[in-house]
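Work out the full structure: start from the sequences and follow the hints.
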Amino acid sequence: MSDPSQVKIRVEGITRRFETRGREPVEALSRFDLMIGDGEFVCIVGPSGCGKSTFLRIVAGLLRPSSGTLAIRAADPARPTCATVFQEYSIFPWLTVAGNVRFGLEVLGVPRREADERAGTWLEKVGLHTFRDAYPAALSGGMKQRVALARALVVEPEVLLMDEPFAALDAQLRLVLQEELLAIWQEWRRTVILITHSIDEALVLGDRIVLMSARPGRVKEVIPVPFPRPRSGEVRNSPEFRALERRIWESLRAEVVSAEREGE
Amino acid sequence: MALAEAEQRDHAAQARMVLREPGPQERDARRWQQRRWLIERSLAAGVPLVLLALWQAGVWAGTIDRRFFGSPVTVVQTALRLIETGTLQSHLEASVYRLLMGYGIGVAIGIPVGLVLGQIRLARAAFEPLLNALYVVPKLALLPILLLLLPGREGPLITLVAVAVFFIMAISSLAAALMTPAGYIDVARSFTASRWVMFRRVVFANALPQIFAALRLASGAAVLMLVGSEFVAASSGIGYLVWHSWSLFLADQMYVGIITIALLGVLFSALIGVLERFSVPWAASEGFKGNG
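Chains as they are written, first to last, in my numbering: chain B, 1 to 264; chain V, 1 to 292.
None of these hints come from the bench; they were simulated from the model. C-beta atoms are modelled at their ideal positions from N, C-alpha and C, and glycine is treated no differently. A portion of the hints provided could be inaccurate.
[To be verified] Pairwise CB distance ranges, derived in the manner of DEER restraints: (1) V:Gly273 - B:Glu262: 29 to 39 Å; (2) V:Arg27 - B:Glu88: 25 to 35 Å; (3) V:Gln34 - B:Leu108: 19 to 29 Å; (4) V:Glu40 - B:Pro228: 28 to 38 Å; (5) B:Ala134 - V:Gly273: 19 to 29 Å; (6) B:Gly141 - V:Glu40: 36 to 46 Å; (7) V:Ile120 - B:Glu250: 51 to 61 Å; (8) V:Glu40 - B:Gln186: 49 to 59 Å; (9) B:Pro77 - V:Arg30: 35 to 45 Å; (10) V:Arg189 - B:Gly141: 19 to 29 Å.
[To be verified] Some but not every residue of chain B turned toward chain V, in silico, with C-beta under 10 Å: (11) Arg16; (12) Ala60; (13) Gly61; (14) Ser66; (15) Ala71; (16) Pro77; (17) Ile248; (18) Trp249; (19) Ser251.
[As the list claims (entries may be wrong)] Sample of chain B residues facing chain V (criterion: CB under 10 Å; computed from the structure): (20) Ile14; (21) Ile58; (22) Pro65; (23) Thr69; (24) Thr81; (25) Arg113; (26) Glu158; (27) Asn237; (28) Pro239.
Spelled out as structure tokens, the structure:
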């Protein structure tokens, strides 16, 4: 289905400034370049305020760059190009679990019967089919993020964007959801961009890690993740994993410190 | 990855590219913002001006009856005359005095009552239903009784404004006090803050943004109540001017009064806005807040 030798997303010199009346413009992203292959799982890691989310929002089309271009090769014009899993508060409390998952399909005009069926399939995959008629208020944080994941995947996007999807979960639940995401992706294999603060998470999930510099954010380093697929959380046990994690942290720490110094 | 090669293939296959590019808004962000600002300002000023022009044109064309509706030109002439003779100022002064007194008293009693009710469960049980029930009673209906009970001419009018303001402030402050996040209360309690410190530094501070929203609402209600009571029970004030002019069939003079009331309301609300900006600096939500 995917061909990693093909470029899926080409990012050339993306810059994004935010202007506020009577204030100095803030440059969130600066001359950001990146190539992402078809079916590749890319994790973006960087200090707070480095423009990771800004970049993701540009890919998603929620925000336009101030300069530069970003091109996504859309193989199937009938399908949505991107779908996003946000960090928190993104599933609608006024819709049931099934209603939330169907939302994207309804917006796309998929007939009710088909939408129901597709939503059901994905709810089963994330293990929530028994909760289909529950309202989100009755769900735990982990379940809510599973709903958010199912809602994004059910529309069959060509690119899945994830903005710190597990950041609000406790450490144990994170591990469980990472494993679930791995299992789903290894079967489904589409292009994924995932933003995270956790080097560990990036190493377990990603094919490549993009390390960003402190604001204004640009690509500091691109690190290929050498562990073979299919992968599971077991990779953590290898000494290579620990060594790579340490090496990336050393590089990242300098950026985190400089982001903190800059303050705000 | 042989990227260059892959791209060549892309071109050959004519795949559709979804582009994310800067639009005019991003290419020259500063100019775009200036332009938008200019457009917004022109609309804000232009729409009332156009309506005034239509009003005047309607009068000239004869489709609007000038006996009932006056005309912008004659209304302005009348206003200038009323200012020259000092009539408008003296009415305005009477109204502003009643407004500020009533508003001040209502606010000074309403906020503490609401916040205290929010703190004390039993007091809330005792008074909240009563507060909600009395809130919906039209306060203007109390005017005859107040006129009978209270001596003097100003007392009943000021009281009525104060009562209207009191209910809005008390109910809003109560709701705001109840919404204090438990986390903040726990922090203060873990520092063994006294009840008074808790009240002032946590409950009141947390409620302040909502209290300001209520202050604005109450300013409108206060003007409304004042004008209503001046209609029937005063021989001075802008409300009296409007009512009196109408009974004498002086449409232009009536509109001068109505416009003065509108301006008074706008000014009052703007003053509260200025006060808010100084009192609640943390509620300012504009500006860039990066998240990753």
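Evaluation of the provided hints:
1. V:Gly273 - B:Glu262: 29 to 39 Å: 33 Å, holds
2. V:Arg27 - B:Glu88: 25 to 35 Å: Holds - the Cβ-Cβ distance for arginine 27 of chain V and glutamate 88 of chain B, about 33 Å, lies within 25 to 35 Å.
3. V:Gln34 - B:Leu108: 19 to 29 Å: 38 Å, violated
4. V:Glu40 - B:Pro228: 28 to 38 Å: 58 Å, violated
5. B:Ala134 - V:Gly273: 19 to 29 Å: Since alanine 134 of chain B and glycine 273 of chain V have Cβ atoms about 43 Å apart, the given range 19 to 29 Å is violated.
6. B:Gly141 - V:Glu40: 36 to 46 Å: 41 Å, holds
7. V:Ile120 - B:Glu250: 51 to 61 Å: 57 Å, holds
8. V:Glu40 - B:Gln186: 49 to 59 Å: 52 Å, holds
9. B:Pro77 - V:Arg30: 35 to 45 Å: 36 Å, holds
10. V:Arg189 - B:Gly141: 19 to 29 Å: 27 Å, holds
11. Arg16: 8 Å, holds
12. Ala60: 9 Å, holds
13. Gly61: 6 Å, holds
14. Ser66: Serine 66 of chain B check passes; min Cβ-Cβ to chain V is 5 Å, inside 10 Å.
15. Ala71: 5 Å, holds
16. Pro77: 5 Å, holds
17. Ile248: 17 Å, violated
18. Trp249: With a minimum Cβ separation of about 18 Å from chain V (threshold 10 Å), the hint on tryptophan 249 of chain B is violated.
19. Ser251: 18 Å, violated
20. Ile14: Holds - the Cβ of isoleucine 14 of chain B comes within 10 Å of chain V, reaching about 8 Å at its closest.
21. Ile58: Status holds, d = 5 Å.
22. Pro65: 5 Å, holds
23. Thr69: At 5 Å from the nearest chain V Cβ, threonine 69 of chain B passes the 10 Å test, so the hint holds.
24. Thr81: Holds - the Cβ of threonine 81 of chain B comes within 10 Å of chain V, reaching about 5 Å at its closest.
25. Arg113: 29 Å, violated
26. Glu158: 9 Å, holds
27. Asn237: 29 Å, violated
28. Pro239: 28 Å, violated
Hint check: violations occur at hints 3, 4, 5, 17, 18, 19, 25, 27, 28; the rest are consistent with the structure.
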